[in-house]
Amino acid sequence: MPILNIRLDNEHMARVRSDDYQATPAEIFGQMASVSGHFITVNVQEAKLQYGNAYAAQVELVLPDLLLPDACKRMLQAAADMLEPAFGIQPEQAIVTLTLVPSGHVMDRGKLQEWDHEPPGPPGAVGG
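Residues 23 to 150 (the working numbering) are what the sequence shown spells out, left to right.
Honestly, the hints are just simulated from the structure, not real lab data. Don't take each hint at face value.
[What the hints assert, rightly or not] Pair ranges (Cβ atoms, derived): (1) GLY110 - GLN135: 32 to 40 Å; (2) LEU90 - GLU33: 20 to 28 Å; (3) ASN32 - GLY126: 34 to 42 Å.
Where is the CB? At the ideal position from N, CA and C, for every residue including glycine.
Let the sequences and hints guide you as you build the complete structure.
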């Protein structure tokens with residue numbers, strides 16, 4: 023974790039299929055959020071139909087609930103900022119939402135994931 027589930031409108035999804043990336047969306051997000059790309063999953067899907075308030079990108083950011091609010095805000099900002107270099111989408115064209123997952127609510131490769139809610143480490147650590 024983190025996991026980014028990204029839904030792109032038809033126009034931007036067509037560009038994704040034709041672009042030759044210099045860096046993957048996971049690498050871009052990792053650099054902006056100061057998280058190793060090894061731990062990041064990015065899923066990109068097409069939003070075939072949108073009604074009402076349409077967005078060029080809809081991003082759901084999924085994080086463990088052990089992170090401090092400042093770390094969550096930093097990752098939300100990174101998720102919004104990575105859209106332009108990754109997909110050519112300005113943050114103003116997107117919505118980014120955050121889902122915090124409690125310990126014991128994740129099965130990863132067949133193993134239940136549990137984490138401690140310990141005090142955060144030094145500045146720059148995952149929790150800080």
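How the hints compare with the structure:
1. GLY110 - GLN135: 32 to 40 Å: 34 Å Cβ-Cβ, so the 32 to 40 Å window holds.
2. LEU90 - GLU33: 20 to 28 Å: Since LEU90 and GLU33 have Cβ atoms about 37 Å apart, the given range 20 to 28 Å is violated.
3. ASN32 - GLY126: 34 to 42 Å: At 39 Å between Cβs, range holds.
Hint violations for this structure: number 2 only, all remaining hints satisfied.
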